[in-house]
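Residue numbers (the working numbering), protein chains in the order written: chain L, 1 to 354; chain X, 1001 to 1639.
No lab work stands behind these hints, which were simulated from the structure alone. Here a beta-carbon is modelled for each residue, glycine too, at the ideal position from N, C-alpha and C. Heads up, some of the hints might be wrong.
To be verified - Mimicking DSS-like on lysine-lysine, the simulated pairs with C-alpha atoms at most 27 angstroms apart in a straight line are:
(1) X:Lys-1439 with L:Lys-68
(2) L:Lys-104 with X:Lys-1226
(3) X:Lys-1250 with X:Lys-1215
(4) X:Lys-1142 with X:Lys-1250
(5) X:Lys-1221 with L:Lys-104
(6) X:Lys-1515 with X:Lys-1386
(7) X:Lys-1303 with X:Lys-1576
(8) X:Lys-1194 with X:Lys-1123
(9) X:Lys-1386 with X:Lys-1576
(10) L:Lys-68 with X:Lys-1221
(11) X:Lys-1515 with X:Lys-1194
Said to hold, decoys possible - On the chain L side, residues computed to face chain X include the following (Cβ under 8 angstroms):
(12) Phe-81
(13) Gln-87
(14) Glu-126
(15) Pro-200
(16) Glu-205
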Amino acid sequence: MTADAASAPVGKTGAAGPAAAPHGPGARTATAYLRYVAGKLAGAAVSLLAVLVTSFFLFRLIPGDPVKFMTGGRQVSAEQFAHYRAQFGLDLPMWQQFTDYCGKALTGDLGTSYQFNAPVIDKITEALPNTLLLTGTAFVIYTLLGIFLGTRSAWRHGRLGDRLNTGLALTLYSVPSFWLGLLLIVTLSVGIGPLPGLFPTGGMESGGEEGFAYVVDVAHHLVLPVVTLVAVEYGQTLLVTRSALMDEMGSDYLTTARAKGLRDDLVRRRHAVPNALLPTVTLIFINLGRTVAGVILVETVFSWPGLGGLFYQALSVPDLPLVQGLFLVFAAAVIVMNTLADLIYPLLDPRVGR
Amino acid sequence: MDTNDQYGGHHRTPARVPLGRTPARAPLGRTPRRARLVAAAGAAALALSAGLATPLSPAPSQAHAADDDGKKVLTVAVAQSVDSLSPFLAVRLLSTSIHRLTYEYLTNYDPEDNSVVPGFANKWESSPDKLTWTYTIRSDSKWSDGEQATAEDAAWTFNTMMTDPGAATANGSFVSNFEKVTAPSPTQLVIELKKPQATMTALDVPIVPKHVWEKVDDYSKFNNDKDFPVVGNGPFVLTDYKPDSYVRLKANKDFWRGAPKFDELVFRYYKDQDAAVSALRKGEVSFVAGSPSLTPAQAASLKGEKNIHVNDAPGRRFYALATNPGARARNGETMGDGHPSLLDQRVRNALFKAVDREAVIDKVFQGHAVEGAGYIPPRFSPYFWKPSPGQELTYDPDEAGRMLDRAGLKKNADGRRIGKDGKPITYRVLCHATDPNDKAIGQYLQEWWGELGIGVTLNCLDNVTDPWLAGEYDLAFDGWSVNPDPDFVLSIHTCAALPATPEETGATDNFICDKTYDELYARQLAEYDPDKRAAIVKRMESRLYDLGYMNVMAYPNAVEAYRTDQIESITTMPAKAGNIYGQDGYWSWWSAAPADSGDSSGGSSSTGVVVGIVAGVVVLAGAGAFFTLRRRATADERE
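When you get a sec, could you build the whole thing from the sequences and use the hints?
Okay, structure coming up:
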């Protein structure tokens, strides 16, 4: 019964973790888990603090005086110049700028964008939903697709189907996303030959629609950028899933499961895949953290009004408050997601965290 | 169509899954077959809807979609983000263009020849001492909320800029010479000056409605982008704005000069110019802004395309090679590290004589530019100046070599020219890393000047501002957009524009400070007679040419394109041959007439939406059916 012993915990622990608590060993497990959680949370807090400090100093290394850049090419009197510097707080000593920044950041005030003359937090919350819609949709699709195809590939590795599958995934994985995006625009958006243009060339909406028509309109605009992202990204998940599953495939417990008379499909789904999922879960959470940062190239090609494009614009000034704020949000998202992954590992695999 | 298959394949995949699982028992065989059926139905529906789409929306005419209610919409593809919609803060071209469309300025420029024509003011006159200007404000202009627009609004706008530093952010320089602004009557505006100023008919300041704007607390923070429609009195009213998505304007039917012919004007964002060109080709937009200009490759790909007109027009920019004249501040302290040999006019002139401007036009701009001459581009005809044949620095590398010999820069045994310090000369040329023209011409310079025995180091940076303002360059690629009134581009070469101290920043372009030029500048600013003033401006250009600190290589064209099946006619500026996007005035969008076909751009294709809906429903239904069947299959298995 080695097979059940090895494969069962994975399925059970996820649901039955708390249920195990009343038992002696279970209680110990719970304390160990709590200790583990506390350690991970503390680590995350330290990382966040480090990011806060880094974000302030890192971007001050970019050459360029924001006020000079913004007023370059215009007639600006010395008084106006001084007014700008004072308005942006650039006339204060560096340490004071830093303490001001930290103090405000802790209360959620990320300052005012130089170029847009608006609170950084407003600019971020304006673009964040757009980015999440794009990257989140793509994330769900490429993760499911990657796991699904990866499992199939591993199960029948070496066969033609597997080779085609991995070959295509690798090819698309190495394609530059902006190039694929432009190609999709030229073919599916403008139309080529007898094929009509089916999708909008860019943007997130046509403007002016409301209610259900608006949802449909946005979905319509969403198709090509999502397809681009999925095409470029799913290969990674596919390959990781495939190799992890292949590692498991020689295991004794699978032979036992088959010997029990289980259908091949069930052997894969109930026994092999759950055990092989750990590396994929890591990847999923890394990708999830990245979804916030947006995708500069795809957002640019499809004119998607998201955070990636905002970051690019902020860097080119440099619009220090905006750059800092975005950096903070991006880094925080990755840290939070990694911490979540850390917290979930012990539930997936009880060996972790003991 | 690999990509298409990729997309279709991905939707089909879940449906194909059950087929792989069949090795099991017979009763289960039913399930996969059902799934297959669903898949087949889905695929069929998709194919059907795609087929349905074909006759309805062949690519070019996809643009139909005049709005459902038959509104004529003019859609313009733009890339630049709005910095602010407040006229007190906005400086970017797109934002100021929107203000041109939504507010009146005291005066405007004739699209025919850039001469001054009435705007918010009907008439204007100056006092004999040149210090008081009296404008008669038109009485037929109403704000879009129904209030009468009066001289009081103008006086309030100027006074706010003069007293509130936040309101002076964008246009403060226009009022810096104002002593007092009053509105003795609703139709009379009086501006008193500290010193005479010839630019009083070129005050490019949007006049805002006092009754709306006096309620604003802090002009340095208010972006005017929350409450729509925005009250204005221009040919269009700003009705909606979504950052980096679109800016929407509707025609002001009561505009005093006459209503625009399109009902709506939409600026839509295409952050990638190739994507914008695709959108034009498809008809999703009517116009692609030449800002930046379309690349020669994009222009070439659009030429000859049915229903598309490429407007390759004389631009308003000059493109020059600036030379560091030994940067210094107003207090006399020197700055930076310009090469001392460049202080010799013969050297500067010799360098320019070795620049093949024809090659620059043909090879770099691929014909989309005009060879440079004077400082102000030919489209501003009253001020355009050309060097006389004897004065002109024609391309002549041999003569350039002799000039350098005469200047004492002899060649050494290796053929390198030696400076006064005994070292071979290598000039650092500051270039914009984002500008391919800079880089291409930089390489030519290495070749041309290399033959003279002079080395060239190209210093291409994302941000040239810092070394530039510090005077740390020998030569630099330089360029400015010129306004119908040339005062600004002339002022940036005066001694007064130098920074007060090396630590400060001045409005100076490249540290030129020349007494003769300054005297002429002061004279033109006080000369109210247009012809006399133009004559002085031309003398300034001549002086600038001889000095050799600003060598104009080319006037790049504005290259833009629009669909002739959506826009029947549109006014360029100047009218004979000129640009459309970014004019001085609202002429292009105000005058644009929709094509007879009734097509206009902007809406997404309704067929596309139908296809989208059908595809979405099919996919959802397929997925739903698949999971239902799957669950049932698993249940079977358990039993």
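Broken hints, numbered, in rising order?
Hints that this structure does not satisfy do not exist here, as all of them hold.
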